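Residues per chain are reported as follows:
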Amino acid sequence: MAMKFEKTGEGKYMLDVCGYVCPHPQIYCKKSLEKMEEGDVLEVIFDNPSSGETIIQMCDQAGHEILEKKEEGGKLIYMIEKG
Amino acid sequence: MENIEKRNQVWAFIVTGILILISLLYYKVNVYYMYLIVYIWFGFAYGMMLQYGRFCMASASRDLFAAGVPRMAVGILIALIFFSLVGVVLSITNMSTFHPGPLGFHELIGGVIFGIGMVLAGGCASGSLYKIGEGNGTSILSIIGIAFGQAIFVDIGGVFNKLMPQSWMDKAEATRWIPADKMTAWFDHYLAGYVFHQPQILLSETKAIKSLAGEGNIRYFIGDSLINTIIPAAIVLLLIYYFYTRKGFIKKRRKKKGSTGFSDELAGIWNIITASQRTTFMGVLIGITAGIHILAMKGMQLRFGVNNFGQLLTRMGHGVDVSITGKVFDPGYWYITTQEAQFAGWIMEKLGWNVRDNVFFGVMNGLPELWRNPALWMSIGIIFGAMVMALLKKEFKFKLPKGELIIWGLGGGLLMGVGARVALGCNIGAFFIRVAGGDPGGWLFGMGMVLGGYAGVKFFNWWTERKMAKEMEAF
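Going down the list, the protein sequences come from chains C and A.
Using the working numbering, the letters of the first sequence correspond one by one to residues 1 to 83.
Using the working numbering, the letters of the second sequence correspond one by one to residues 1 to 475.
Quick caveat, the hints were computed from the structure, so don't treat them as lab data.
Incorrect hints may appear among the rest.
Listed next, the stretches of chain C that the computed footprint assigns to chain A, with coverage defined by at least 3 CB atoms under 8 Å from CB atoms of chain A [said to hold, decoys possible]:
hint	region
1	21-32
2	37-43
Derived lysine to aspartate or glutamate pairs resembling EDC-like cross-links, with alpha carbons at most 20 Å apart [stated by the list, open to error]:
hint	chain 1	residue 1	chain 2	residue 2
3	C	Lys4	C	Asp40
4	A	Lys252	C	Glu65
5	A	Lys6	C	Asp16
6	C	Lys4	C	Glu37
7	C	Lys4	C	Glu43
8	C	Lys4	C	Asp60
9	C	Lys35	A	Glu215
10	A	Lys402	C	Asp16
11	C	Lys31	C	Asp16
12	C	Lys35	C	Glu72
13	C	Lys4	A	Asp170
14	A	Lys393	C	Glu53
15	A	Lys247	C	Asp60
16	A	Lys397	C	Glu72
17	C	Lys12	C	Glu43
18	A	Lys251	C	Glu43
19	A	Lys470	C	Glu34
20	A	Lys467	C	Glu34
21	A	Lys327	A	Asp264
22	C	Lys7	A	Asp357
23	A	Lys470	C	Glu72
24	C	Lys69	C	Glu53
25	A	Lys255	C	Glu72
26	A	Lys256	C	Glu68
27	A	Lys162	A	Asp357
28	A	Lys252	C	Glu72
29	A	Lys394	C	Asp40
30	C	Lys31	A	Glu404
31	A	Lys397	C	Glu81
32	A	Lys6	C	Glu72
33	C	Lys12	C	Glu81
If the Cβ cut is set under 8 Å, some of the chain C residues that face chain A in the computed set are [claimed, not checked]:
hint	residue
34	Met3
35	Thr8
36	Asp47
37	Pro49
38	Thr54
39	Glu72
40	Gly74
Here the structure is a predicted model, which is why all the values come from computation and not from measurement.
Using N, Cα and C, we set each Cβ at its ideal position, and we do this for glycine too.
Work out the full structure, taking the sequences as your base and the hints as a guide.
Shown next, in the form of structure tokens:
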């Protein structure tokens, strides 16, 4: 099991933390956003529902915008634009 | 998608049906098992609420320090306030089963160890149980760690006894009510030589509160609820607002309105309370349920004329389950960890380990068969309740623990187990219940838990940075 943080295009990043449980998804998400530029978009893929609530509030407080939230085959996918 | 939803609903009904069937079977065997059934269904209710509200005390300090998210810390404070208010009514009506614990430095130390453990494990004692209900394999390891960490910790003696201060050893040896053959482990000397000599304080029973509020019922509200719970909880809430969310909130308001005043500060405080409505709502509900649970257990005790389930086990001919004082672990309220220690102790005994030659199992808590252990059924109820809620919300997914999570889960669980024994309880028994009950010792454990959580977050931050630096080498 490995965490994946990849650049998928210009200003686009992907963080895959499937299989990870609290607190890893939220910490990796925060660290990833810290490494990105304002306006960049991060696609976070995780399957630990408890982390979702924290990620949503973290983005709200830090001024990041969640562009999209979807669920695919037990995986949660959030598209976050760094604010 | 519709099929999955239907399948989940069927499973939710099956799990609930199994618990109903188990309850009916117990009732059929003996009406005394009503006592145990009450634990099952309160556990089930806790499990549903914990899962719905993502209510895990590990995330209270962890998410605050790691991500600046206060939702869980706020949820706990709300739950404490409501629980304490229900507790006042129970005290006034003489229907409370709450009793304060020994107040001492051990609470702080135990809290620190527990706090580090819960961050590493990814969940506190109750949080790990509800996450098992979500299919989280790492949490199974955490609970195994908590269980065996405690059972081994309370039974080891020999060289560990030599680490005890001589004064504790002397005091322990002088304790007459504990038979010598039960004073074998280091933990026995720790209890009899130190812990049992610490004061037990219930604020409403102190001279200070009685002189302030008089001998009447109002002292329960003033002492146990207002001074021990509501005011400290409000102070913590204000500190969280000031240090974590005020800056961002006021900045947003200023941008919108041009200037800000006192009403904006109040709006900011209200904002952190309502930011995660499901957590706050569950905080209210959990607080009230925990209070009603106490009422229900007291009702059972009055109904059967006992003050411990061990007496009923003895009446039913299961004297082998109880300790030499005729008791089994039966907290009378929401509690985690001791029953997990009994679970591990039961396995160890079946493997030939003599675990009854100590105070923890032999004198205080007994070692009932697993199917006759009331508090263990509460833990099972939590798992099942969380499972039903997770299934209904399409959030159940079995995840085997892999790689580093195995180490974090087991290691964190072991630390939680050790911390819980040092402090005589976990985030529920040593913090939540004690604080809301009017015992200031609960705050000592809470402070330790936050300090430990902070240390755990520092460690994980370092670990995460290190891993991400490796991942980022490619670009």
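How the hints compare with the structure:
Residues of the region 21-32 of chain C with a Cβ under 8 Å from some Cβ of chain A number 10, which satisfies the need for three, so the listed coverage holds. Coverage of a stretch by a chain is defined here by at least three residues with a beta carbon nearer than 8 Å to that chain's beta carbons; for the region 37-43 of chain C and chain A the count is 0, and the condition is violated. The hinted pair formed by Lys4(C) and Asp40(C) meets the criterion: a straight-line CA distance of about 17 Å does not exceed 20 Å. Between Lys252(A) and Glu65(C) the alpha-carbon distance is near 15 Å, which keeps this suggested pair within the 20 Å criterion.
Under the criterion of a C-alpha separation no larger than 20 Å, the hint pairing Lys6(A) with Asp16(C) is inconsistent with the structure, at around 29 Å. A C-alpha spacing of about 19 Å is found between Lys4(C) and Glu37(C), which places the hinted pair at or below 20 Å, so the restraint holds. The straight-line distance between the Cα atoms of Lys4(C) and Glu43(C) is roughly 11 Å, inside the 20 Å bound, and the hint therefore holds. For the suggested pair Lys4(C) and Asp60(C), the alpha carbons sit about 24 Å apart, so the restraint of at most 20 Å is broken.
A distance of roughly 61 Å separates the Cα atoms of Lys35(C) and Glu215(A); the hinted pair therefore is violated under the 20 Å criterion. Taking the CA atoms of Lys402(A) and Asp16(C), the gap is about 15 Å. The hint holds against a cut of 20 Å. Taking the CA atoms of Lys31(C) and Asp16(C), the gap is near 13 Å; set against the 20 Å cutoff, the hint holds. Of the supplied pair hints, the one linking Lys35(C) and Glu72(C) is violated, its CA atoms being roughly 27 Å apart against a limit of 20 Å.
At most 20 Å may separate the alpha-carbon atoms for a hinted pair to count; Lys4(C) and Asp170(A) exceed this at roughly 57 Å. Only pairs whose Cα atoms come within 20 Å are accepted, and Lys393(A) paired with Glu53(C) is accepted, the gap being roughly 14 Å. For the hint linking Lys247(A) to Asp60(C), the alpha-carbon distance of about 13 Å falls within 20 Å, and the restraint holds. Between Lys397(A) and Glu72(C), the direct Cα distance comes to roughly 13 Å. Compliance with the 20 Å bound is thereby established for this hinted pair.
Proximity of Lys12(C) to Glu43(C) is assessed by CA-CA distance (about 8 Å); at most 20 Å being required, the pair is judged to hold. In summary, the hint linking Lys251(A) to Glu43(C) is not supported, as the alpha carbons are separated by about 28 Å, beyond the 20 Å threshold. Note on Lys470(A) and Glu34(C): the hinted pairing holds, with a Cα-Cα distance of about 16 Å set against a maximum of 20 Å. Straight-line distance between C-alpha atoms of Lys467(A) and Glu34(C) comes to about 15 Å, which keeps the hinted pair within the 20 Å bound.
Simply put, Lys327(A) and Asp264(A) have alpha-carbon atoms about 55 Å apart, too far for the 20 Å limit, and the pair is violated. For the given pair, Lys7(C) sits about 60 Å from Asp357(A) by alpha-carbon distance, which is inconsistent with the 20 Å threshold. Under the criterion of a C-alpha separation no larger than 20 Å, the hint pairing Lys470(A) with Glu72(C) is inconsistent with the structure, at around 28 Å. The hinted pair formed by Lys69(C) and Glu53(C) meets the criterion: a straight-line CA distance of about 12 Å does not exceed 20 Å.
Distance hint between Lys255(A) and Glu72(C) is unfulfilled; the C-alpha atoms sit about 38 Å from each other, more than 20 Å. Between the alpha carbons of Lys256(A) and Glu68(C) the distance comes to roughly 25 Å, so the proposed pair goes past 20 Å and is violated. For the given pair, Lys162(A) sits about 18 Å from Asp357(A) by alpha-carbon distance, which is consistent with the 20 Å threshold. Of the supplied pair hints, the one linking Lys252(A) and Glu72(C) is violated, its CA atoms being roughly 34 Å apart against a limit of 20 Å.
Distance restraint check for Lys394(A) and Asp40(C): the Cα-Cα separation of roughly 31 Å exceeds the 20 Å cut-off, and the hinted pair is therefore not satisfied. A hinted pair counts as satisfied when its Cα atoms are at most 20 Å apart, and Lys31(C) with Glu404(A) qualifies at roughly 19 Å. About 28 Å separates the Cα atoms of Lys397(A) and Glu81(C), which puts this hinted pair outside 20 Å; it is violated. Taken as a hint, the Lys6(A) and Glu72(C) pair is honoured in the structure, with Cα atoms around 17 Å apart against an allowance of 20 Å.
Restraint check for Lys12(C) and Glu81(C): the C-alpha separation of about 9 Å stays at or below 20 Å, so the hint holds. At a threshold of 8 Å, the smallest CB-CB gap from Met3(C) to chain A is about 7 Å, leaving the interface hint in force. The criterion of a C-beta within 8 Å of any C-beta in chain A is not met by Thr8(C), whose closest approach is roughly 11 Å, and the hint is violated. The beta carbon of Asp47(C) comes within 6 Å of a beta carbon in chain A, closer than 8 Å, and the hint placing it at the interface holds.
Among the interface hints, the one on Pro49(C) holds; its C-beta lies about 4 Å from the nearest C-beta in chain A, closer than the 8 Å criterion. For the restraint placing Thr54(C) at the interface with chain A, the shortest Cβ-Cβ distance is roughly 5 Å, inside the 8 Å limit, so the hint holds. Contact between Glu72(C) and chain A, as hinted, is not supported at the beta carbon level, the nearest pair being about 10 Å apart and thus beyond 8 Å. Interface restraint check for Gly74(C): the shortest CB-CB distance to chain A comes to about 5 Å, inside 8 Å, so the restraint holds.
The earlier numbered hints that this structure contradicts are 2, 5, 8, 9, 12, 13, 18, 21, 22, 23, 25, 26, 28, 29, 31, 35, 39.
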